[in-house]
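S.K.: Add chain B to chain A, keeping to what the hints say.
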Amino acid sequence: MALELSVSLARGPLSLQVTCTLPTRGVTALFGRSGSGKTTLLRCIAGLERLPARVCFDGVLWQDARHFVPTHARGVGYVFQEASLFPHRDVRGNLAYALQRQPAGAGGMQLEEVVGLLGLTALMSQRVQELSGGERQRVAIARALLASPRLLLMDEPLSSLDEQSKAEILPHLTRLHETLAIPVIYVSHSIGEVMRLADHLALLQEGRVREVGAMAELLTRADLPLGIGEHRGAVLSGVIDSHEPRYHLSYVHVSGGLLAVSLLESAPGKAVRVRIDARDVSLTLRQPEQTSITNVLPAMLVDLTPEADPAQTLVRLRIGEQLLLARITRRSAEQLALAPGMALYAQIKSVALMDP
Amino acid sequence: MSSADLLALAISLRLAALTTVLLILLCTPLAWWLATARSRWRVPVNALVSLPLVLPPTVLGFYLLVFMGPQGPLGRALAAVSLPSPAFSFSGLVIGSMLYSLPFVVQPLRDAFAGVGSRVLEVAATLRASPFDRFVSVALPLASRGFLTAAVLAFAHTLGEFGVVLMIGGNIPGRTQTASIAIFNHTESLDYSSANHLSATLVIIALVLLLAVHAGRRDREVQPWRWN
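Read top to bottom, the protein sequences are chains A and B.
Counting with my numbering, you get residues 1 to 356 for the letters of the first sequence.
Counting with my numbering, you get residues 357 to 584 for the letters of the second sequence.
Rather than coming from a laboratory, the hints here were simulated on the basis of the structure.
There could be a bad hint or two in this list.
[What the hints assert, rightly or not] Example chain A residues on the side facing chain B (calculated, C-beta under 8 Å, incomplete):
id : residue
1  : A46
2  : F68
3  : V69
4  : T71
5  : G77
6  : F80
7  : Q81
8  : A98
9  : A144
10 : L180
11 : Y251
12 : R330
13 : A333
14 : Y345
[Stated by the list, open to error] Quick look at which bits of chain B chain A covers, simulated, 3 or more residues with Cβ under 8 Å:
id : segment
15 : 471–478
16 : 482–488
17 : 491–497
All residues carry an ideal CB built from backbone N, CA and C; glycine is no exception.
Looking at chain B on its own, in the form it has when it is part of the complex:
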């Protein structure tokens, strides 16, 4: 693999890791709210969060570019405080990836939290656990499988995305060129061997991730969780 390809791969992995961590942090409270709140805003918020599932990535990328570009509302606001526009930069990629992978994190977390059920939380309340305590000591461990699923989906989905990163990042080698864009470039220039190396690497990463998920699940079934 050429050093340019390694760099593209590193950018992809860094992007996927950062997107996953940020999404889990952001979506945990959002998914908890969606699973437990009885607000009338729940249905519209649910629909909004699922929107990236059905939107073409290029459409999402296009509007993000317009929004974040130097002439867009976000670009101008940032320029007013002397910050660069996130368009065609790594931070722009992170924002775009987060939006694009949002439903892949929110939905498993929401379903996992809903599966915890109200009874064990009521029990915890009668054992003097405060709402935050109940969330940390009961809801989080019981929803752990949902977190694993959400993290793997977010990571894998970000690793493979093409349309959004191309629109927002602009294919700048060493800065915004991810592995999937590099593969496209190699194929365009008929360099099938390089495309193959990068592609095979992505296949292996995907396989390892899936294996990790399944191993994690089998672990849960065989061994009880021991706390003290």
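Extracted from the complex, chain A is given alone in its bound form:
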């Protein structure tokens, strides 16, 4: 099951030549710089923009040269950059608008469920004009969910918010990601948001889709511009294994071993993501003894890529079923005679937790 998309458009400075198949499971990030055509593409999927395109969702033709299913019949939820709540209705009224139009027997989400998920209980009788930016966006997301969409489209829902509102809303988005059964396409130009929320990634560059694939895997591809500034890193998914309050540590089980991180509040069993910067990973051929580094995982070398800085080399490693990046000097790579397929150990100096 997938979303097949092909768009061909030349309008002013924007030229879109897109042919791609996006997965309809989990969260797919549509990632690219501003002006790369992400929003236009999303509006086309929703049918808000009538472009020369072919759109086919899970085998149902939404649009081609002859057919056009209008937005209201596509069953897509859409969260706009600015919340766009109905100003003539209060929070409850905004949510009711969606609920009343939920198709009968859709088995969609219940009001209480969505309200709880997005923490709106205390806001229900408020006027939308009284809400903060973060609250508005949460209401908008809840409203989109209550129409029980088959596909949820989110157009940079955090970009119009200040840092504090972003921090307030991100945990809700992460929670949505864990509980939502419907596929999400999430437009963003922030690699941080993508690392935290996405399962898949479609990289858009100058109106073309350059690559579609698993987010964690594309992140480690040296040929794709997916670093945080200069810094490349990998994202590993895992589950909280146990806590050790005596050392103020928690252990996260990732495929390939256990990672120690600063003590977490969540209970064991909760899914978490961690980010590991390439410059925080060093390599050793033998299992190190008497080292201060806590996190040492056995790894298999996948490939080596020269960095922009000629002194450095980027090494891709496989840890269990996940990928990790290490940034080492070219000299070390030669001295250790690193080659694809080698078994070695990755020493991880710092692990950043992506979920609160």
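M.R.: Chain B alone, transformed into the frame defined by chain A:
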């Protein structure tokens, strides 16, 4: 007030009410089209609709009379199906008033619909609302202030009009003589007291209408609309 004056006042109020209701019904789709369509006909239609604003009422009344009179195209067409000509009748007054007050209804409605903006309508579409549903559930309530303005303007404007009703109606007491024509008649015959009574009544009606508009606006600002 004499019974003739009361009758004239009743005719004025009936004319204004009927004109207002018919104009709102007619102009809602027209204003929606003017606010949202991307047709090349939009500009000429806009100009045509605004024409009564700049036309002298007597000119409008004159051409309407020619058009609707027994010898005019409409009069003949109606005579062919054994219907009376609308000239010098109440229905003629309604037609004339509607034309004359048309811009006072179309413009506020058009501006109100344009002020609704496309974003909330797009949101409604993604919440499975059909075009008609979006119009009723989003555009109409958000444009409600425009409807109030349009209705009051149409009513007040019709109540006060003179030139068109005189030309088309012909000042027939009990049938087409409106309050404003009755005032003119009293003044002509130097009966200032009767003219004063009718005039003062019109002033009070106008004041009450304006108060209603302002009260309605303050209401909107203080209280949110609650739907469920």
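S.K.: Each of the hints needs a verdict: does it hold here or not?
M.R.: Status of the hints after comparison with the structure:
Among the interface hints, the one on A46 (chain A) holds; its C-beta lies about 6 Å from the nearest C-beta in chain B, closer than the 8 Å criterion. Hint status for F68 (chain A): violated, given a least beta-carbon distance of 13 Å to chain B, over 8 Å. For V69 (chain A), the suggested interface contact is broken, since its CB lies about 12 Å from the closest CB of chain B, more than 8 Å. Nearest Cβ of chain B to the Cβ of T71 (chain A): about 4 Å, under the 8 Å cut. The hint holds.
Given hint, G77 (chain A) at the interface with chain B, holds; its Cβ is 6 Å from that chain's nearest Cβ, closer than 8 Å. Checking F80 (chain A) against chain B: minimum C-beta separation of about 7 Å stays under 8 Å; hint holds. A cut of 8 Å between beta carbons decides the hint on Q81 (chain A): the least distance to chain B is about 10 Å, and the hint is violated. Evaluation of the A98 (chain A) hint against chain B yields a held restraint, the C-beta minimum of about 5 Å falling below 8 Å.
The criterion of a C-beta within 8 Å of any C-beta in chain B is met by A144 (chain A), whose closest approach is roughly 7 Å, and the hint holds. For L180 (chain A), the interface hint is violated, the least distance from its beta-carbon to any beta-carbon of chain B being 17 Å, above 8 Å. Restraint check, Y251 (chain A) versus chain B: the minimum CB separation of about 43 Å is more than 8 Å; hint violated. Restraint check, R330 (chain A) versus chain B: the minimum CB separation of about 52 Å is more than 8 Å; hint violated.
Because the closest C-beta pair between A333 (chain A) and chain B is about 51 Å apart, greater than 8 Å, the hint is violated. Because the closest C-beta pair between Y345 (chain A) and chain B is about 51 Å apart, greater than 8 Å, the hint is violated. For the segment 471–478 of chain B, the assignment as covered by chain A holds, since 3 residues bring a beta-carbon within under 8 Å of that chain's beta-carbons and 3 suffice. By the rule of at least three residues with a Cβ nearer than 8 Å to a Cβ of chain A, the coverage given for the segment 482–488 of chain B holds, with 6 such residues.
Using a Cβ-Cβ cut-off of 8 Å, 3 residues of the segment 491–497 of chain B lie near chain A, which meets the minimum of three, so the contact claim holds.
Violated hints, in rising order: 2, 3, 7, 10, 11, 12, 13, 14; the structure is consistent with all others.
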